[in-house]
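Visitor: With the hints as your guide, set chain B onto chain A.
In case you want the letters, here they are:
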Amino acid sequence: MSFRIPQNLDELAAALREKDENTYLCAGGTDLVIHLRKEKKFHYSLIDLTHLPELSQITETEDSVIIGAGVTMTELEQSPLVRTWIPALSKAASMVGSTQIRNRATLGGNVANASQSSDTTPVLLAYGAEAEILDGTGAVTKRLVDDFVEGLEKTTLGEREVILKFIVKKQHVLSAFAKVGARKAVTISKINGCICTEIKEGCMMHPVVYLGAVGAKAGRARLIEACLEGQTLSGCDEEKIRDAVYAQIEENIPNRPSKHYKKSAAFGVIDQILDDLRRAEEEAGR
Amino acid sequence: MDTNKSDLKYVGKSYIREDVYDKARGKTKYTCDRQIAGMLYAKLVLSEKANADITIRTEKAKQVPGVRAVFTHANVPKIPYNPHNWSACLDAPMDQYILSEKARYVGDHLALVVGETKAAVEEAVSLVEIDYDEAAPVIGLNAARKTEGMLAFEKEVSCGDYEALTGDGEAKDGLIVVSTEGSTQKIHHSAIEPHIALSEIDENGNLVLWTPCQTVYQVRYHISHLLGIPYTKVRVIKAVMGGSFGGKGQTVVEPACAFATWILRCPVMLYMDRQDAVMGTRSRNATETRVKTAVTRDGVIRGRRIDADIDGGAYYTNASAIAMAYCKKLFRMYHVENQTCHVRTFYTNTISGGACRGYGSPQAHAVTEVNLDQAANAIGMDPCELRLKNIVHPMDDDPTGGTNLGNARIEECIRKGMEVFSWKEKREHIHEKDTRRYAYGVGMACGAHGNGYKGAYPEFTNVTISLHPDGTVEVQIGIHDQGCGTVMTMQQIAAEALHMDVYRIKIHEADTFITPYDAAGTQASRVTYVCGRAVQKAGEQLLDKMKQACVEMYQWDQDKIEADDGILRCEKEEKSYKQIALDYELKCCRYMHTELEYEPPSNPGTYCCAFAEVRVDKYTGQTEVLDLFCVHDVGQVMNRTLSEGQVEGGAQMSLGQALFEEISYDAKGRVKTKNFSKYHIINAPDMPKVRSIFVEDGEPDGPYGGKSLGEIAAVAPAPAVANAINYALGSCFASYPITPEKVVAYLEEKRKEGN
Chain A
283 MSFRIPQNLD
293 ELAAALREKD
303 ENTYLCAGGT
313 DLVIHLRKEK
323 KFHYSLIDLT
333 HLPELSQITE
343 TEDSVIIGAG
353 VTMTELEQSP
363 LVRTWIPALS
373 KAASMVGSTQ
383 IRNRATLGGN
393 VANASQSSDT
403 TPVLLAYGAE
413 AEILDGTGAV
423 TKRLVDDFVE
433 GLEKTTLGER
443 EVILKFIVKK
453 QHVLSAFAKV
463 GARKAVTISK
473 INGCICTEIK
483 EGCMMHPVVY
493 LGAVGAKAGR
503 ARLIEACLEG
513 QTLSGCDEEK
523 IRDAVYAQIE
533 ENIPNRPSKH
543 YKKSAAFGVI
553 DQILDDLRRA
563 EEEAGR
Chain B
8 MDTNKSDLKY
18 VGKSYIREDV
28 YDKARGKTKY
38 TCDRQIAGML
48 YAKLVLSEKA
58 NADITIRTEK
68 AKQVPGVRAV
78 FTHANVPKIP
88 YNPHNWSACL
98 DAPMDQYILS
108 EKARYVGDHL
118 ALVVGETKAA
128 VEEAVSLVEI
138 DYDEAAPVIG
148 LNAARKTEGM
158 LAFEKEVSCG
168 DYEALTGDGE
178 AKDGLIVVST
188 EGSTQKIHHS
198 AIEPHIALSE
208 IDENGNLVLW
218 TPCQTVYQVR
228 YHISHLLGIP
238 YTKVRVIKAV
248 MGGSFGGKGQ
258 TVVEPACAFA
268 TWILRCPVML
278 YMDRQDAVMG
288 TRSRNATETR
298 VKTAVTRDGV
308 IRGRRIDADI
318 DGGAYYTNAS
328 AIAMAYCKKL
338 FRMYHVENQT
348 CHVRTFYTNT
358 ISGGACRGYG
368 SPQAHAVTEV
378 NLDQAANAIG
388 MDPCELRLKN
398 IVHPMDDDPT
408 GGTNLGNARI
418 EECIRKGMEV
428 FSWKEKREHI
438 HEKDTRRYAY
448 GVGMACGAHG
458 NGYKGAYPEF
468 TNVTISLHPD
478 GTVEVQIGIH
488 DQGCGTVMTM
498 QQIAAEALHM
508 DVYRIKIHEA
518 DTFITPYDAA
528 GTQASRVTYV
538 CGRAVQKAGE
548 QLLDKMKQAC
558 VEMYQWDQDK
568 IEADDGILRC
578 EKEEKSYKQI
588 ALDYELKCCR
598 YMHTELEYEP
608 PSNPGTYCCA
618 FAEVRVDKYT
628 GQTEVLDLFC
638 VHDVGQVMNR
648 TLSEGQVEGG
658 AQMSLGQALF
668 EEISYDAKGR
678 VKTKNFSKYH
688 IINAPDMPKV
698 RSIFVEDGEP
708 DGPYGGKSLG
718 EIAAVAPAPA
728 VANAINYALG
738 SCFASYPITP
748 EKVVAYLEEK
758 RKEGN
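Protein chains in written order, with the working numbering: chain A, 283 to 568; chain B, 8 to 762.
So that you can see chain A by itself, here it is in the shape it has in the complex:
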């Protein structure tokens, strides 16, 4: 058993080189501790990711917002940069778990844990986010989040790879996120969703819609996108949207008994998101 606390990327790479299958990466620990308990692990090693400045910052370049993998949900919720450029991410982060969980849980952890109920993943996917990944040789590669998240707690990340940061292109879009859990707060998503859309002359153009917790991994909801394309936020055809959402859920989880509930709940999620977009549009118009 060992506990390593790398202070820079070189040390991190060195730790990764020595990492065996009994060694875990630990950032917030909010999923890891549950996992260790569930798997009845008593003897293991940890690599602590909380002392790496590279992982804990939110910065911007001319065309991107860059979010360290160790940024917490609370920081995402409060960051002016994230609020401006990726409002849906800020909203999603604000709805993860409890205050205590949000103070520790990180974006990298939420993505890498690859739960089907992850709240931040649908947003990152809707924005086409990329990640920088470090391996044991010290090499850094860039991959689309969509390419390595598989869902059901699986990714294609290698045994010796770690996410360093996320890169989200600045886009002139409105976005919103909503979720339905068992309760208003401190709740795991039964279904969640994100819409990211351009608005031209009051109409939604090229809306990107992702729904989470209706399949192994948050998935693109093309039937809903097609339905929303060109519709105005103020005059959405409610019944058409309902039909599209129901068809989408049927397509996603045709054999799950939960589909009956999730159809209606997903409609609630989309309705809520459209409502939030409407408000965002009004604010932008002011």
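Calculated directly from the structure, the hints in this document are not laboratory data.
Do not take every clue at face value.
[To be verified] Derived BS3-like pairs (lysine-lysine); straight-line CA-CA distance at most 27 Å: (1) Lys322/A / Lys67/B; (2) Lys16/B / Lys67/B; (3) Lys685/B / Lys436/A; (4) Lys30/B / Lys125/B; (5) Lys696/B / Lys466/A.
Guide: Chain B alone, transformed into the frame defined by chain A:
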């Protein structure tokens, strides 16, 4: 009542409990915070299968460094017990051992690991190898009804003749018969502190055990019975408790803890985690109810038949007690000439039933109160008016021969509630708030509960009360504060009786070496009504004795002595209590104390009604309780802040029953809701502000007119919310919890019909 309410100086006031400062600052030492030199930790190994013969291998577990022992059924005394029996004089069947010889539910106690550190114990628990030879489990009431030999208890209680009234299903005399079917779920008590016990052997060879329990005498009886140690060598001390709600009412972990200490001759702390507590302790019994109410067109309930099946779980525990508790309340709420209640309790391969705040009342009223709203609907009458036409009245008799209902003030509760909640206006206009997405509704419901065991089981308590030469008063009585402020309540009652400062009175909690015997412990809503009255009477007795002493010592005129704030006065002379105690010992050669054995003369009903406003999201199926207003018939409030707290906490549990909570099992009997990420209790964002008022008309035999509150507070909000949802949607939900999934399924069905 002997005392006029306006004369009360201490009772009814919002005194601050003495334990809250440390609790609020996190300084209180709960059992899990304690350390005794040489103390070992212990954890139970719970069954992962619902019905199986078992073979256990402990070799690997024993090899973990620091592990001292791994016990199985082979090691424990082959003596059965029933953890529900709170006294040796009770006779509910004894069918379980300290560690089971067979797995009868997921959570059954199969082995006990004892070690030097928690880490060693946890690892060893995971290494205890259990081979399960599985048989098909019986999960749920439906399966139990179809399986032979699962009936544990059956009883029919009735008055009048319901069958004659309705004939063969044909309603006579223009009666309308309204039927409702519904169910209530298994509920975990969700005390913050999971079950725990700590034991050691003291310098005199006594077994000492600290436990956050509800009845030390019950725990003592079980330890003595199981380990063959005389009562006189078993000291059970009620520890500071992080909540119980009935969950720690039965003996659960104490025998195994005591056994480990007795065998290993070491202090042992047996602890559970949340999963253990959810799966391996007790739950509120699940029930299924069918109710038929025969009502006249002008709203008189002529008859009612209730058939209820109760899921008793894997062991007998409270199979008969819960059935009788369920039954009895239904005869003490409404005046129904012809009523039959037929109850059956079944064994299933799930967690056993136990006490849970309200003991049968939350189940009994859950479906019947929805049925009453449906009946009101059927005859076009306001649900409050229907209830007002049929409720019991003060000093009514129990039609089944139970104790008199006492000063039953449910009518006043309903009338006050209607007025303050603006019931009629809201009922008429609530739908005007509806939007395309949200439906609004208001609903109400009533509940009844008791005040102790009089009429059913031995019911008495003992008090010793002493005035010390420093002017403080010490009260010894076997109470167990579960966090609801029982100690403060007793302080206030004693202060009232003795006319002295609340904070100069010390109430010991139960300790079998210190407090005198109490018949039944802190359960059955008996503490304020029975123990409180005992403290009042003992206090009055002591004051009389003090006055007598003054007559003797100072030659005062007995009729002219007055007590006020720790001083006795006679005309111009006065003596502090302290001085009296000192003088009494010196001059009379005795200590100023008194003893009392008290048996209550009655067991009246206690009543409540709740009014709820809800908003149902028709898309997500989620129900939000926007307003909850509760009215309780408490006779006399003991401590206003604590009373309001009880109503709020009771509402939190009842709303959980209504909307969220359920220990759910899959077909194999595995628990799907092992911890709070899946077992949802209402948290602060979902909790409405609970408004409460109290009807205080005085209960003749209660302490200063008081009666029970803590349990009944968890009864009416659930059916009130069900009725509000039904009013919002036009539905007839009577199966709890009313989850978003159920609401959406109902609305989808309706939508399809509409298309």
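Visitor: State for each hint whether it applies.
Guide: We went through each hint and held it up to the structure:
no.: 1; hint: Lys322/A / Lys67/B; in the structure: holds (15 Å)
no.: 2; hint: Lys16/B / Lys67/B; in the structure: violated (65 Å)
no.: 3; hint: Lys685/B / Lys436/A; in the structure: holds (22 Å)
no.: 4; hint: Lys30/B / Lys125/B; in the structure: holds (25 Å)
no.: 5; hint: Lys696/B / Lys466/A; in the structure: holds (16 Å)
The structure does not agree with numbered hint 2 stated previously, though it agrees with all others.
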